Amino acid sequence: MATIIHCIAGYFFLLLTVRVLTRRPGAQMTLFEFVIVFLVGGVIILATVGHDRSVTNCTLAVITVGLLHRVVSGAKTKCPKLAAVIDGKPLVLLKNGVWQQEAMNGMRLAPEDVMASARTKGVAKFEQISYAVLERNGAISIIQKEEKDS
Amino acid sequence: MAMTDVKTKPVEDLGHKVDDAISVGEDLDFQERWWKFENIVWSIFAVLLVMDFLGVFGRGVLAKAQASTPDGALLVKYERIERTLTPSVMRIYFQPNAAQGGTYKLYVSSSVVQELGNQRIAPEPQISAVGDGGYVYTFPALGQPASVSLSLEPASPGIYHFTLRVPGGQSLERTIVVVP
Numbered sequence: 001m002a003t004i005i006h007c008i009a010g011y012f013f014l015l016l017t018v019r020v021l022t023r024r025p026g027a028q029m030t031l032f033e034f035v036i037v038f039l040v041g042g043v044i045i046l047a048t049v050g051h052d053r054s055v056t057n058c059t060l061a062v063i064t065v066g067l068l069h070r071v072v073s074g075a076k077t078k079c080p081k082l083a084a085v086i087d088g089k090p091l092v093l094l095k096n097g098v099w100q101q102e103a104m105n106g107m108r109l110a111p112e113d114v115m116a117s118a119r120t121k122g123v124a125k126f127e128q129i130s131y132a133v134l135e136r137n138g139a140i141s142i143i144q145k146e147e148k149d150s
Numbered sequence: 151m152a153m154t155d156v157k158t159k160p161v162e163d164l165g166h167k168v169d170d171a172i173s174v175g176e177d178l179d180f181q182e183r184w185w186k187f188e189n190i191v192w193s194i195f196a197v198l199l200v201m202d203f204l205g206v207f208g209r210g211v212l213a214k215a216q217a218s219t220p221d222g223a224l225l226v227k228y229e230r231i232e233r234t235l236t237p238s239v240m241r242i243y244f245q246p247n248a249a250q251g252g253t254y255k256l257y258v259s260s261s262v263v264q265e266l267g268n269q270r271i272a273p274e275p276q277i278s279a280v281g282d283g284g285y286v287y288t289f290p291a292l293g294q295p296a297s298v299s300l301s302l303e304p305a306s307p308g309i310y311h312f313t314l315r316v317p318g319g320q321s322l323e324r325t326i327v328v329v330p
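Protein chains in written order, with my numbering: chain A, 1 to 150; chain B, 151 to 330.
Treat the hints as calculated values from the structure; they're not laboratory data.
Remember, predicted model here, so these are calculated numbers, not experimental data.
Careful: at least some of the hints might be erroneous.
[What the hints assert, rightly or not] Some chain B residues well away from chain A (every beta-carbon gap over 12 Å; in silico): (1) Ile190; (2) Leu225; (3) Tyr285; (4) Gly319.
[Stated by the list, open to error] With a straight-line Cα cutoff of 25 Å, these simulated DSS-like cross-link-like pairs (lysine-lysine) come out: (5) A/Lys76 - B/Lys157; (6) A/Lys145 - A/Lys81; (7) A/Lys89 - A/Lys121; (8) A/Lys95 - A/Lys121; (9) A/Lys76 - A/Lys89; (10) A/Lys78 - A/Lys89; (11) B/Lys186 - A/Lys81; (12) A/Lys81 - B/Lys157; (13) A/Lys125 - A/Lys145; (14) A/Lys125 - A/Lys95; (15) B/Lys157 - A/Lys78; (16) B/Lys186 - A/Lys95; (17) A/Lys89 - B/Lys186; (18) A/Lys121 - A/Lys145; (19) B/Lys227 - B/Lys214; (20) A/Lys95 - A/Lys145; (21) A/Lys76 - B/Lys214.
Glycine is no exception: its CB is placed at the ideal position from the N, C-alpha and C atoms.
This is chain A alone, in the form it adopts within the complex (with noise of 0.2 Å):
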């Protein structure tokens, strides 16, 4: 019983955590990344399951946390506020070759973040890109300039 409430709120604890720290723990995940989440799930798992570790509450505590997954998703799909809430909304970084400042200060992004995600896709030029949005999933997405803009 202590084992799902805790999971309960060690899931929704985290979930707030990570969403307030912006969307990089995703899709760019850097070694400095890696850190705050084995550090932040290495942690949350002691206050989950214990001094009980039997494979009982362990067994129990993962089917409860999978459970709140699929509760909180199909929530989510049913409600675009509440997806708006958990996932964030898409926000441009870039707008035709003007950089938008407050969403990239508000995302705490750098011009190189972006160019890095640009480089992955083939780009090689800053002149080359049209609009860079920056995805629910935290990766960047770079949507080059028409040939004949070029």
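Place chain B on chain A using the hints.
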């Protein structure tokens, strides 16, 4: 036809097109509200850390407490805020007027053993007696200073009261808050 209606859904525009060119679904108003919310959450987290540093959630300066029985026979140092399943020590000092016939006797309420999870007493009492809603421990007295340590490890959160006294003397009653 009815089945087709159930299994399909018309394509809807996600809205918030950028420059009327790409569908992004951006919502800057929402995002600005979210950044404000983030700042509030981090402010709360910072306050929680300061409170924890001070001992509001136990294990800090504000959590430490000490008290004496009205007759001055016992002085107890303890933590007024404990954490569930986290060990701590309650130290009880016998004052000179606590000695009774070459022994020190200590009455502790049952809550010290049950709710507060007294695991061990150091040194071990020579005699342990049970009754009157608690336990009486007897230790051979060699002189001053004299103290015993009770190792506590509360099993569950709550607000618990405990009582200490030298049998026949005046009682000390205090409260310990056990946080999750």
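Outcome of the hint check:
1. Ile190: Given that some Cβ of chain A is not farther than 12 Å from that of B/Ile190, nearest at about 9 Å, it is violated.
2. Leu225: 33 Å, holds
3. Tyr285: Given a closest Cβ separation of 25 Å, the condition holds.
4. Gly319: 37 Å, holds
5. A/Lys76 - B/Lys157: Distance of about 20 Å is within 25 Å: holds.
6. A/Lys145 - A/Lys81: The given pair, whose Cα atoms are some 32 Å apart, is violated under the 25 Å limit.
7. A/Lys89 - A/Lys121: At roughly 22 Å apart (the allowed maximum being 25 Å), A/Lys121 and A/Lys89 satisfy the hint.
8. A/Lys95 - A/Lys121: At roughly 18 Å apart (the allowed maximum being 25 Å), A/Lys121 and A/Lys95 satisfy the hint.
9. A/Lys76 - A/Lys89: Answer holds: A/Lys76 to A/Lys89 is near 13 Å, not above 25 Å.
10. A/Lys78 - A/Lys89: 16 Å, holds
11. B/Lys186 - A/Lys81: Holds, because 17 Å separates the two Cα atoms, which is no more than 25 Å.
12. A/Lys81 - B/Lys157: 24 Å, holds
13. A/Lys125 - A/Lys145: OK: A/Lys125 and A/Lys145 at ~11 Å, within 25 Å.
14. A/Lys125 - A/Lys95: Given pair A/Lys125, A/Lys95 holds - Cα atoms ~15 Å apart, limit 25 Å.
15. B/Lys157 - A/Lys78: 16 Å, holds
16. B/Lys186 - A/Lys95: 24 Å, holds
17. A/Lys89 - B/Lys186: Given pair A/Lys89, B/Lys186 holds - Cα atoms ~15 Å apart, limit 25 Å.
18. A/Lys121 - A/Lys145: Roughly 13 Å between the alpha carbons, so the hint for A/Lys121 and A/Lys145 holds.
19. B/Lys227 - B/Lys214: 7 Å, holds
20. A/Lys95 - A/Lys145: Between A/Lys95 and A/Lys145 the Cα gap is close to 11 Å, so the pair holds against 25 Å.
21. A/Lys76 - B/Lys214: 46 Å, violated
This entry does not satisfy hints 1, 6 and 21, going by the numbered hints stated previously.
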